[in-house]
Structure formats: structure tokens, C-alpha cells
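Chains as they are written, first to last, in our numbering: chain H, 1 to 260; chain F, 261 to 520.
The hints are simulated quantities; they were obtained by calculation from the structure and are not laboratory data.
Among the hints, a few may not be true.
Estimated spans, in silico, between C-beta atoms of each pair [as the list claims (entries may be wrong)]:
{"id": "1", "chain 1": "H", "residue 1": "Asp137", "chain 2": "F", "residue 2": "Arg358", "range": "21 to 29 Å"}
{"id": "2", "chain 1": "F", "residue 1": "Phe441", "chain 2": "H", "residue 2": "Val222", "range": "54 to 62 Å"}
{"id": "3", "chain 1": "H", "residue 1": "Gly56", "chain 2": "F", "residue 2": "Gln497", "range": "54 to 62 Å"}
Here's a subset of chain H near chain F, in silico, CB distances under 10 Å, partners left out [claimed, not checked]:
{"id": "4", "residue": "Gln26"}
{"id": "5", "residue": "Gln28"}
{"id": "6", "residue": "Met40"}
{"id": "7", "residue": "Gly56"}
{"id": "8", "residue": "Ala107"}
{"id": "9", "residue": "Glu111"}
{"id": "10", "residue": "Ala160"}
{"id": "11", "residue": "Asn224"}
{"id": "12", "residue": "Ile228"}
{"id": "13", "residue": "Gln237"}
{"id": "14", "residue": "Arg240"}
Every residue, glycine too, gets a C-beta built ideally from N, C-alpha and C.
Number of protein chains: 2
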Amino acid sequence: MTNPDDQVFPDRTQRAPRPLVVVLVQPQLGENIGMAARAMANFGLSDLRLVAPRDGWPNEKARGAAAGADHVLDNAALHETVQSAVADCAFVWATTARARGQGKRVASPAEAMAEAAGADHRQAVLFGPERAGLSSDDVSLADAILTFPVDEALPSLNLAQAVLLTAYEWRRRARGDSAPFASPYEHQPASRGSIHSLFEHLEEELDASGYFLPENKRPIMVRNLRNILHRIGMSEQDARTLRGVFVALANGRRKRGGPR
Amino acid sequence: MTNPDDQVFPDRTQRAPRPLVVVLVQPQLGENIGMAARAMANFGLSDLRLVAPRDGWPNEKARGAAAGADHVLDNAALHETVQSAVADCAFVWATTARARGQGKRVASPAEAMAEAAGADHRQAVLFGPERAGLSSDDVSLADAILTFPVDEALPSLNLAQAVLLTAYEWRRRARGDSAPFASPYEHQPASRGSIHSLFEHLEEELDASGYFLPENKRPIMVRNLRNILHRIGMSEQDARTLRGVFVALANGRRKRGGPR
């Protein structure tokens, strides 16, 4: 088996990956439908299909829990059967928490979503009702099983959280794993000149204060200090801030009547 | 930057990875504390620390939402400050949804948890209050920022879901990504002898029914059929089932007085 972590959607400049279809089969609680919609929207999915939700549709509790994902609920398609919900899909994953003796391939969310994000056809994931999960009949309509790498002591995932992990992995494979904002830290490193000037300033102040004793230890003490400061990975602003700190410390010492 | 997906805890037979510490800073809703505890237990974490929860502690709503993760709540440590909550940790991640101008390294959950699961020291992750997230003061106590690869259109993750994604990635890096159960399918493939015998049976029946016409197309038609059937990846039981199906089809035809 190839390592799914090596597979990211290969060329995202050329075409967008096909969005994943999320099918909630006989969901019981409106809150969970809303939370699932929100989890989908968090990771850029919007094709939600509902098969015979217990409390009918639309559902006010779903609306209340969607928190900004109203467009997902507004466009959710209502179906009477799983067959109808996935009729236009070309590959179907069934999420289950245990082996079903159905002779199907079993994949982790990372493996399954690497396939889904790279596929040229539309793929769907089935999620079963909260209490019992997908029926064996539902599972028999799937091409493969998707299961979560949960702890044996508490393997039961909430419905919306199962949707969340699936959407998260789809996003990672389809769009990459990068943060929605860059680290400013990485973009404006201080020039080495500024850093060396800071070192020099500090070392002069410490010489004046009699810190580098005994004298024969001075070279190693200087190297240690430089190495500690280098680990900060300073920006220009950081270098200015530290210079100010060193000046203030030295001034305070002078004000208190220390050496120099 | 190295690819975090290449990093899995290197030698899990030798020593267990250190469990991650989860710190909820001023959480507002008991339900979210309970759901966070459940998410932790789903992925094998149990060290929960609460800094000044809004509604006090213990909290009945947290209990109700924990659904099997009571041991996490029972052992949750209550702290007055972030400093106290992470005093025994050697590395602290702050989860934030936006750049904070604090000059810190920014990592994805996959990157951060690859480091945490491989570390020899105790690492903590800070999660802020539901409404506003971590304060800038809280962020200034962290070594690095952890952020989620969310969609720009709905970047706000529910507190428990942020904990879930973090715990999920910790588990993947610490214990691997494998399913909690094996695919029976992969373990009992039919012998090639059984498969070839099934091919032979089917091809005989089809010869008798006059399916392979015109005769000069027979070789390619046979190859197509064999290739289709091979893609099933049959178990011995699958091969027996299909043989039964072919027999029934042929018998039905004979009963209806077809050729032969």
C-alpha cells in the first residue's frame, strides 16, 4: 500500500478537485446535521445530501447549529433512499466503526481522502444514524469502508466529528495543509549586520560590568551567548527591542551606581 | 521545511510517546468542555487542564456531553492561570485562527503533532475561549502557533472540533493511522485454482448459451470477462457465491427451455 501521506492532489493549478459528497443516512438529531454542515463549510465542502432524516426537513435545530454554514443547509438535497442519494456518484465510501464482514477494503480517512481528492469522478461518503451507524444493507452499497483510527477505549465518534475529520482530510489532500496565514517571523529576518551589532553592544556592556570572568572563559561565554541569541531567529524589530532592553538594564545599573 | 507526513513516531515498540496536554483557557460552555474531553478520549488522550472555566468546576453540562469520557473530566486539573497550567511542560502551542503579529512559527496540526508525538518532553496545546479565542497575552506564553487549514469562507472552528483535530493528528503521529480492525477481504484471497475453475465454469455455460459470438471475438470477450471478475479480488466464499449465481442463472434458462 502506498503511503497516503505522500499523495496530495497533484496539480492544483490545472483543475480543481471534485468536491466530496457527504450523505447523512437517517440522521436523528437536527443539531448534528447543523454541526456536520458547519464542519463541511470549515473545510470547503458544500454538497450535503440527507436520506430520510428522522425529524423531517427542514429542521430548525439544524439551522441553529450550522453557525454560518446556512448555505450548506439551504442547498442540502433530501432523498428517500441511499441509492437515490448516490446515483450520480461513481465511488461510495461507507463509514463504520467496526468490521462488517462484508469483504470490503478498509481505509483510513487520510487514505480515502487522498483517493477522493485525486479522483476524476464524483465520490460520496455515507454516515449512518447516531445510535447504530450504517445498516449492513447501506454498507453493501459502498465500494469501500472508511474508518477512523480511534482509541479502543472510546471508539464512538460523534456524527459531526466524523464528518469533520473526513472534510479535514479531504481539504488537506485537495488543497494542501498550509496555514491560512503566513508566519511573519519567517519573512523578515534581521540582517546579520544588525545581529552582529547587537552582539557587540551586549558584549561591550558585559565587559564593562565585569561579567566575563574568569578572563580565560570569555571566549566560550561569548560563543554560548551568541548561540542562545541566534536561536531566537530575530527580526530587525526583535534586534532593536533587545538592544533597548540591554541599554535599559545597563542604564539601570549605572543609575544604581554600579561599575563604570 | 520537512514534510510532516513523513514523520511518524519513530520506534513505537521501544517507548510510548508522551501524551499531549490539552489546556482549555477560560472555556465558556460546559458542553464544549465535555465534547473536548470525549474527543481527547476518542484518540487516547487524557491530560486535560482547565484555566478559569467561566461557569466554575465541576460542571454538570460537561458531564452530560462527555459521553464515556468521564475519566478525563474526573482527572481534569483546575488552574487559575495559563502559567500554572503549563508549568511542568517544556513546549507550548497556541491555537489561533489568525496571524497575531507575534513573530512565532506557525504550524499545521499535522506538523505540530508530528513534533509533539516525537518529543522526549511534555508538550501542551492551548485552546482559547469560544467567543474570542486566546488573548495576545496567552499567545505570548507559547513557543509556536498551531493553526488549522480551514476554508476562508468559514474559518471559525468549534472549540471541541479544534481539540478533536489536534487529538486525531496526535494519535496518527503517535500510534499510526491504521484502522482499529483489519479488512477480512485482504486476508483470505481465493486460490487462483478456485478462480480459474470459476472462469472455466462460466465460460462453458456461456459457450452453451451461444454468448460468444462472433466466434473470432471469443478470445477478447473471454479476456474481458476474466479481467472484470479479477477486479472483485474474490475470497474463496466469493468464488463459491458466484459459482452458485452462474448455476442458478443457467438453470433458470434451462427451466425456461432455452438452448442446450
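> Which numbered hints does this structure break?
Replying inline: 1, 3, 4, 5, 7, 11, 12, 14
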